[in-house]
Amino acid sequence: MNFKMILRNIFISVLFTFSTGFAQIVISDPIDIISKIDSGTIQVEVNPQFNIGSIEKVFDGNPYTDAGIIGSDSLSIILISSEEIIFSKTKVFFWNNGSWSLEISNTYDDLINHTGSYQLLVDNRNYNFFTWDSLTIQEQNVKVIRLLATTADSSIYIGEWTIEKSITLTSLVTLPYPPKVIPGATLKLKAQPVDEYNNLYNYEFTEPLVWSSSDPSVATIDDGGYLTGVNLGVTTITVATESNSISGYVTARVLADFESEKAETKVVKVALVIHDPIIYQFGNKRIHEHWSWPDPFYLTEQVRNDLNAASDSVMIFEVVETHNDQEIFTVLDSSFMTIDQIAYYFQNSQTLYEELKFIAEVEGRIHYDYNTMVDYYDLDTKRNNGEIDEVWVYCFPFGGMYESQLMGPGAFWWNSPPLPHPGLEKTLSVMGWNYERGVAEALHSVGHRFESALWHAYKRWDLTQPELNNWEKFTSIDLVLGGKGHIGNIHYPVNGTSDYDYSNVRYVTTYADNWKRYPYLFNETRTVNCLEWNCSQRSYMIWWFNHLPRYKGVTDSILNNWWHYAVDYYEALELANNTPPLSVKDQRNPLIQDYFLSQNYPNPFNPSTTIAFTIAEYGLVSLKIYDILGREVSVLLNEEKSPGTYQILFNAKGLASGIYFYRLTTSGFHQTKKMILLK
Numbered sequence: 008m009n010f011k012m013i014l015r016n017i018f019i020s021v022l023f024t025f026s027t028g029f030a031q032i033v034i035s036d037p038i039d040i041i042s043k044i045d046s047g048t049i050q051v052e053v054n055p056q057f058n059i060g061s062i063e064k065v066f067d068g069n070p071y072t073d074a075g076i077i078g079s080d081s082l083s084i085i086l087i088s089s090e091e092i093i094f095s096k097t098k099v100f101f102w103n104n105g106s107w108s109l110e111i112s113n114t115y116d117d118l119i120n121h122t123g124s125y126q127l128l129v130d131n132r133n134y135n136f137f138t139w140d141s142l143t144i145q146e147q148n149v150k151v152i153r154l155l156a157t158t159a160d161s162s163i164y165i166g167e168w169t170i171e172k173s174i175t176l177t178s179l180v181t182l183p184y185p186p187k188v189i190p191g192a193t194l195k196l197k198a199q200p201v202d203e204y205n206n207l208y209n210y211e212f213t214e215p216l217v218w219s220s221s222d223p224s225v226a227t228i229d230d231g232g233y234l235t236g237v238n239l240g241v242t243t244i245t246v247a248t249e250s251n252s253i254s255g256y257v258t259a260r261v262l263a264d265f266e267s268e269k270a271e272t273k274v275v276k277v278a279l280v281i282h283d284p285i286i287y288q289f290g291n292k293r294i295h296e297h298w299s300w301p302d303p304f305y306l307t308e309q310v311r312n313d314l315n316a317a318s319d320s321v322m323i324f325e326v327v328e329t330h331n332d333q334e335i336f337t338v339l340d341s342s343f344m345t346i347d348q349i350a351y352y353f354q355n356s357q358t359l360y361e362e363l364k365f366i367a368e369v370e371g372r373i374h375y376d377y378n379t380m381v382d383y384y385d386l387d388t389k390r391n392n393g394e395i396d397e398v399w400v401y402c403f404p405f406g407g408m409y410e411s412q413l414m415g416p417g418a419f420w421w422n423s424p425p426l427p428h429p430g431l432e433k434t435l436s437v438m439g440w441n442y443e444r445g446v447a448e449a450l451h452s453v454g455h456r457f458e459s460a461l462w463h464a465y466k467r468w469d470l471t472q473p474e475l476n477n478w479e480k481f482t483s484i485d486l487v488l489g490g491k492g493h494i495g496n497i498h499y500p501v502n503g504t505s506d507y508d509y510s511n512v513r514y515v516t517t518y519a520d521n522w523k524r525y526p527y528l529f530n531e532t533r534t535v536n537c538l539e540w541n542c543s544q545r546s547y548m549i550w551w552f553n554h555l556p557r558y559k560g561v562t563d564s565i566l567n568n569w570w571h572y573a574v575d576y577y578e579a580l581e582l583a584n585n586t587p588p589l590s591v592k593d594q595r596n597p598l599i600q601d602y603f604l605s606q607n608y609p610n611p612f613n614p615s616t617t618i619a620f621t622i623a624e625y626g627l628v629s630l631k632i633y634d635i636l637g638r639e640v641s642v643l644l645n646e647e648k649s650p651g652t653y654q655i656l657f658n659a660k661g662l663a664s665g666i667y668f669y670r671l672t673t674s675g676f677h678q679t680k681k682m683i684l685l686k
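Numbering (the numbering used here), first residue to last: 8 to 686.
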């Protein structure tokens, strides 16, 4: 049937407007000097040397952490960069009164000799203690910057020095990207600005954000950015500042349900070390055989299987080498324990649980020599060469091991103090398990390692904060938040009321089911008790690990695959830094896989309405308006377009009320929808 034959009854002349605006915000953004120092891009000269604090305190973003020189009334800090430093503003914050100067140049010699490219930007300008002083200038491109300061006091203290560049923010992106909800669920959206190079910035807006949905019959959104699914379909979400100084839009989908896409599988190469020597006094039996404890090889396989299954094979732990010999790295007082000493203390319950336990846990005379163990098996070289990723040690009870230990450069709290090792070029994680215990306890130890890694990644773990980060949300419990718990921590399940409360039958409300969609955390809840994890510690550990995000992408500068941080923390940091959020790349040039014509919004309308559509391929696109008699009354669009989502504002200011049809046509797609002008 001819399209004109379908449309009938009303003749109206149509007026329309199609406009796109360009707006922007200019901000001053501090350059991350510390990361450039760490990477070697910037070299620093401080004269005299700090005897309080360090250069990190000067650039840590906190003016109330200081570096200082006792016994000097002057300070010089020179930054020498291998690449240009582009800046247009600098600020200083000192802890005593004085004056400061700022010099720049393109070479070190020019700075020292005041020749060539040398410039004096600030000349002995007075500053007040505990007060910011700043300078805004025309943009400079330099490689050498010197800050000079003097004071009338006998000591000088600096709290902060910032060097800032001017950034033009050009549009808003919406996170998480792409927005997805299910009917009846609500998702909190966050708007962040990007510059012309698609870099994301944290920015505190000085005016309200205005959110809208092109099709409220699919999804609604309120002033707080809470997107609620209504019916299956697609809608365009627009966000702008109240003054429309900056804006952006994105396609949101309401789906029946979904799960986030898993991260790529990583094989974790494990070196297994077993301290289970053969004792001739026990009839040439190993310790575990003498005591009828579980075989450490069996325990290792069970732990490995549980972790692999819980990660949904995102992490595959594989034992690539095994050491099961007579070597003992447990130190009693100042000497390694001998096989004869082991035979004595493990001969019966009294010598083990009274004598050895007292020596280890009360007197603290026993420790494990990690460095000697690593050296003996050449594990540092193997880690540096990529032959292994971590070490699992199964030891006898009271062997002096921590549950987990992080060794090497950049090591931090890993449920134990960090341990340096001169031969390691990367961090090395060492698990310390006890074959007197079972699989549940081993998984428990791994869980504390994960807690340490994610606490370090998020820089905070405090459920009393008014706004929780995602790690805090994950570990939240009903006991603290009352009806708003999610998963829990290693000691407290979501319904727990005390440590190790894995068999509590108390029912509580949980948001646990949302974590299969991370970072899409809806308001979907249900009630659970310990039956959810069979009321056992091992099952709870598996349940906990299985909810831990293991997905592609980055949220808040942190990988959506949290497992990676516990397996190789610094590799995870590098991967996160090199993985731009999908919102940055795709909201500007989305990877569109389908076509869609949205319902105009508002509808009915008077006099203006927005028509949004999505196209999947480059080509000629037309969007036309017809009256009900099938007559073409206006062409809103007839030009070639790239894949993406577009919006057109249609204005029917001079028209009478009535029914209109709008039709989207491409080479491989066409769709028609009805709209009503109601005055």
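These are calculated hints, taken from the structure and not from any lab test. The beta carbon of each residue, even a glycine, is placed where N, CA and C say it ideally should be. One or more of the hints may lead you astray.
[As the list claims (entries may be wrong)] The calculated lysine-lysine pairs, modelled on DSSO-like cross-linking and capped at a C-alpha distance of 27 Å, are: (1) K276 to K64; (2) K433 to K466; (3) K172 to K98; (4) K466 to K480; (5) K631 to K195; (6) K197 to K273; (7) K480 to K491; (8) K172 to K150; (9) K631 to K686; (10) K466 to K197; (11) K273 to K172; (12) K680 to K631; (13) K64 to K433.
[What the hints assert, rightly or not] For each label pair, taking beta carbons as the anchor points, the in silico distance ranges come out as: (14) V217 to F419: 41 to 47 Å; (15) R638 to K686: 49 to 55 Å; (16) D520 to Q354: 31 to 37 Å; (17) E362 to H498: 27 to 33 Å; (18) L128 to T48: 17 to 23 Å; (19) H498 to F212: 36 to 42 Å; (20) E211 to I59: 29 to 35 Å; (21) T388 to Y360: 36 to 42 Å; (22) I59 to F419: 35 to 41 Å; (23) E90 to T471: 38 to 44 Å; (24) S252 to N120: 24 to 30 Å; (25) T504 to R444: 22 to 28 Å; (26) T388 to T48: 43 to 49 Å; (27) G47 to D264: 47 to 53 Å.
Now for the hints, and whether the structure bears them out:
no.	hint	in the structure
1	K276 to K64	38 Å, violated
2	K433 to K466	21 Å, holds
3	K172 to K98	12 Å, holds
4	K466 to K480	14 Å, holds
5	K631 to K195	35 Å, violated
6	K197 to K273	31 Å, violated
7	K480 to K491	9 Å, holds
8	K172 to K150	14 Å, holds
9	K631 to K686	22 Å, holds
10	K466 to K197	21 Å, holds
11	K273 to K172	38 Å, violated
12	K680 to K631	11 Å, holds
13	K64 to K433	25 Å, holds
14	V217 to F419: 41 to 47 Å	43 Å, holds
15	R638 to K686: 49 to 55 Å	21 Å, violated
16	D520 to Q354: 31 to 37 Å	52 Å, violated
17	E362 to H498: 27 to 33 Å	30 Å, holds
18	L128 to T48: 17 to 23 Å	22 Å, holds
19	H498 to F212: 36 to 42 Å	39 Å, holds
20	E211 to I59: 29 to 35 Å	32 Å, holds
21	T388 to Y360: 36 to 42 Å	39 Å, holds
22	I59 to F419: 35 to 41 Å	23 Å, violated
23	E90 to T471: 38 to 44 Å	43 Å, holds
24	S252 to N120: 24 to 30 Å	46 Å, violated
25	T504 to R444: 22 to 28 Å	24 Å, holds
26	T388 to T48: 43 to 49 Å	29 Å, violated
27	G47 to D264: 47 to 53 Å	48 Å, holds
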